[in-house]
Amino acid sequence: MTATDLGLPTLGGLDGVPTTEDKQTAKDFTSDQEVRWCPGCGDYAVLAAVRGFLPELGLRRENVVFVSGIGCSSRFPYYLNTYGMHSSHGRAPTVATGLAVTRPDLSVFVVTGDGDALSIGGNHLIHLVRRNVNLTVLLFNNRIYGLTKGQYSPTSEIGKVTKSTPMGSLDQPFNPLSLVLGAEASFVARALDSDRKQLTEVLRAAVAHRGTSFVEIFQDCPIFNDGAFDVIRKGGDDAKQRLVPLRHGEPIRFGLENEHGVVRSEDGFGLRFAPVAEVGENALVVHDATRSDPSLAFALSRMSDQDLTHTVTGIFRTVDRPTYDDGARAQVDEAKATRTADLARLLRGNDTWTVEE
Amino acid sequence: MTASDSAVTDQSGPGNHSTNGVGAPREVITQNRVVIRFAGDSGDGMQLTGDRFTAEAAAFGNDLATLPNYPAEIRAPAGTLPGVSSFQLHFADYDILTPGDRPDVLVAMNPAALKANITDLPHGGVLIANSDEFTKRNLTKVGYDADPLEDGSLAAYQVHSVAMATLARGALEETGLSKKDATRSKNMFALGLLCWMYHRPTEGTERYLREKFARRPDLAEANILAFRAGWNYGETTEAFAVRYEVAAAKLKTGTYRQITGNMALSYGIVAAGQKSGLPVFLGSYPITPASDILHELSKHKQFGITTFQAEDEISGIGSAIGASFGGALGVTTTSGPGICLKAEAAGLAVALELPLLIIDVQRGGPSTGLPTRTEQSDLLQAMFGRNGESPIPIVAPRSPGDCFNAALEATRIAVTYRTPVMLLSDGSLANGSEPWKVPDVDTLPTLEPGFATAPNAPDGSGEFWPYLRDDDTLARPWAIPGTAGLEHRIGGLEKADGKGSISYEPDNHDRMVRLRQAKIDGISVPDIEVDDPDGDAELLVLGWGSTYGPIGAGCRRVRGMGLSIAQAHLRNLNPLPANLGDVLERYRTVLLPEMNLGQLSLLLRGRYLVDIKSYTNVTGMPFKAEEMQDLFVDTLKGDVL
Ligand code: SF4
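Line by line, the protein sequences give chains A and B.
Add 1 to a position in the first sequence, counting from 1, and you land on the number used in the working numbering.
Add 9 to a position in the second sequence, counting from 1, and you land on the number used in the working numbering.
The set of hints was computed from the structure by calculation and includes no laboratory data.
Just so you know, even glycine gets a beta-carbon here, dropped at the ideal spot from N, CA and C.
Mixed in with the good hints, there may be bad ones.
[To be verified] Partial selection, computed: residues in chain A whose CB lies under 8 Å from chain B:
| # | residue |
| --- | --- |
| 1 | Thr83 |
| 2 | Leu100 |
| 3 | Leu347 |
| 4 | Val356 |
[Unchecked claim] Label pairs and their calculated CB-CB ranges:
| # | chain 1 | residue 1 | chain 2 | residue 2 | range |
| --- | --- | --- | --- | --- | --- |
| 5 | A | Asp308 | B | Asp516 | 46 to 54 Å |
| 6 | A | Glu35 | B | Thr462 | 26 to 34 Å |
| 7 | A | Glu35 | B | Asp516 | 14 to 22 Å |
| 8 | B | Thr462 | A | Thr31 | 20 to 28 Å |
| 9 | B | Glu514 | A | Gly350 | 50 to 58 Å |
| 10 | A | Thr31 | B | Asp516 | 25 to 33 Å |
| 11 | B | Ala81 | A | Asp231 | 50 to 58 Å |
| 12 | B | Glu503 | A | Glu57 | 34 to 42 Å |
| 13 | B | Gly471 | A | Glu57 | 24 to 32 Å |
| 14 | A | Glu35 | B | Asp530 | 29 to 37 Å |
| 15 | B | Ala81 | A | Gly151 | 39 to 47 Å |
Given these sequences and hints, build the entire structure.
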């Protein structure tokens, strides 16, 4: 642990959230609102995965809250029969922070997109993960602005031709995982909208983690950025050559026959890909998501290419670190335990005088 | 002496000879009121010195009002005009309304302080200067060719030139304190001298210094020694021929304390939480002059108060909205520039119809403007500064102590009507202080949050409709997460009346716009009271916010001249009191002084079609009583505006 030990007990992400014995199904979490994303939108797959996953938590439905910003993905809360707020553009982390700090009995999710979280709400995102507020962020990254009809986003590749950049975009995109790792994130993962199994695994771990769990989900926008992730979404041999799945405690390998792996780079500062046959199994890096030092997770986040030649997925990092909300509540509890809340005495203060008849 | 701010005439005159103490007997002059201004370099501790003298005056039972005035820079270059910091205190044996227009006594700790303030001292006034700082270098810095303490240019004043730093150092010789630390205690020397001059008790200051320097007892003792040295200097040297007395004021019976506006506002928020049973959540980003509320509330977590120093102004209000959604009393505090940044989220709160307090301690604008000065120029921003038809109730306190009541009133509206409420304080209220009658906690109104507990659909479907309104208040239910069966989604998109689901229906939008407006328009607010003692006044002076003091003082003076004038002051600016239209009709002339370019007057003219006469002055400083008096007399004579 590099952070100051506040003496807080290690808890799970859902500790304190009331559970139910009642059997729940995806239907219980489905609201009466008609889902209005474009046909073929990757958001449907994520919604289905979330609806399917929530029942397994066994939480009381009324203690689950989804908070979103603005954008296609931010319509998410309307489609779930839990409490929800569709807030303003980029500000979901702020609303969720106030809610999570004051209500430890809630399981809080933030649903956001690449424009919402990384452009207009970038400041809130980095401060959220820095504080490590206990909630789960689902960032739907489709590398485009969908709701405003197709402008490039802060995760679009350089040179992206869109309505607002007819001659190509000029700015370097963010690598969302590198960004939040730089902001001290305690849980960082990536999944594909199309891989329900992996997405569910990641969600399970994210919710169990106490602190801010950051999950980037590559999401297809067939309308404005069609096929952006096809080479890794469609499965098959090509995808296997590109996708590098992380499994905690296992050597990092990928490829059709797992013939590639990740090894330390010669200069000692990073990682590189190498054929296993060339370097030998012993040279492979064994993934350890629980290292308190974020260097390995950061190096792994740099192994993904914008053009998806390689894409690392799975859980990059999950470490225990004090959460802001537990700390804030502990201070209030301590003050309540050690000082009396005497309003009359507070108002009088130390220096009063009395005027008599 | 400056003119009194009331009809009470100054009864200054020779009194008893002082016989206590070791010094020569002095003539003691009784005064009804005195204005003292402490002025020095930002690093000289003038605010602390003023605060302490204020505390002593308060403990003695005087009525008082204060006006701190300091630069926005933490430490402007020493000895320069921009670095001058001052604290003005008005104390009296009757109830006063303002910190005083001009000082009777000016304490100048260096040439810059003298230069910046001497023009405010009326001829015949008392000047006490720290001669140690009147060196050639310091004089040149502020453009004095010769030492004004010696060249006769101050002949119109009663000048006392005192080597405060030298005398303080002398008193501390035995302590082994460094020369620098000993010199720093010169402000306590000045305080001691003034305490002697005005017969102030000294125990409080000595106790205060011991507490403040609890970890450095050597510094505590040094400051106390310097403080006593100042007192003894007055007592034993013959330099001061007179001492003054200002008797305790005959205030209404009760227990009093001294309080600043920011402190009263903080306590109002604590009380609002206690009286509603709601946990308080403050989301705030540091900004002058509002930060003290964040500091103060952070000290009182035992009352179930969570304070969150957010990453920016937007997060301050966003987190407060999240807390309100969860069933807490969400509060955000800021000043004008912060309100600009919070505007979008304030609009969200209007759409969500959740209780929220937005506190704006106004300062000079536009942009960064005058961070440490006062202004009333955010009224229209509070009223209209959001996209769409986005009505927000507005409450404005009139005095430092009134900030307490204003916070309770704002909470009542927010919780009862499920709406964000804007509270408009300002810099002069925030930092100014006055005696405050400590309220009886049991008599403070209680508030019932009335959370929704059961489905409410009128069609018997067992559903929960988050936008089904209360018939009386038009408020929607406050259903907090964790309540089974009331799961619902709200957001910034337009909602269907009643059901609350997303709706783009043209007629529904029109209805919702009108419903939101009608809810705010229908908020019950107390009638405005008119102070018209003669009952035959033709001129009504209307004000809002911190101008209450100077307007009231001006009215007293005018009445003292035998003229009739009526005064009324608005606390609720949105909605306006139901009787306001009638009140405005009743007077031949309505005069509205504001520290902006006529913002309330624009609103009232549009609303009531009354030809209100607007008086505006935007100096960053509060109105002066004399300025108001002249304005009222001229208006009565019909020769202005
Ligand atoms: S625009 Fe793209 S992201 Fe938005 S709903 Fe349509 S397909 Fe999905």
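Structure-based check of each hint:
The beta carbon of Thr83/A comes within 6 Å of a beta carbon in chain B, closer than 8 Å, and the hint placing it at the interface holds. With its C-beta approaching chain B no nearer than about 4 Å, Leu100/A sits inside the 8 Å limit, and its interface hint holds. The criterion of a C-beta within 8 Å of any C-beta in chain B is met by Leu347/A, whose closest approach is roughly 6 Å, and the hint holds. For Val356/A, the interface hint holds, since its Cβ comes within 8 Å of a Cβ in chain B; the closest pair sits about 5 Å apart.
Asp308/A and Asp516/B have their C-beta atoms about 50 Å apart, which keeps the hinted 46 to 54 Å range intact. At roughly 29 Å, the beta carbons of Glu35/A and Thr462/B sit within the given window of 26 to 34 Å. A hinted range of 14 to 22 Å for the beta carbons of Glu35/A and Asp516/B is consistent with their spacing of about 21 Å. Under the hint 20 to 28 Å, the C-beta atoms of Thr462/B and Thr31/A, about 24 Å apart, fit the expected range.
Range check, Glu514/B to Gly350/A: about 55 Å between beta-carbon atoms, so the 50 to 58 Å window is met. At roughly 29 Å, the beta carbons of Thr31/A and Asp516/B sit within the given window of 25 to 33 Å. About 57 Å separates the C-beta atoms of Ala81/B and Asp231/A, a value consistent with the hinted range of 50 to 58 Å. Judged by the Cβ atoms, the range 34 to 42 Å given for Glu503/B and Glu57/A holds: they are separated by roughly 35 Å.
Checked against the given bound of 24 to 32 Å, the beta carbons of Gly471/B and Glu57/A, roughly 27 Å apart, stay inside it. Between Glu35/A and Asp530/B, the C-beta spacing of about 35 Å keeps the proposed range 29 to 37 Å intact. For the pair Ala81/B and Gly151/A, the beta carbons lie near 46 Å from each other, so the given range of 39 to 47 Å is met.
Of the numbered hints given earlier, the model fails none.
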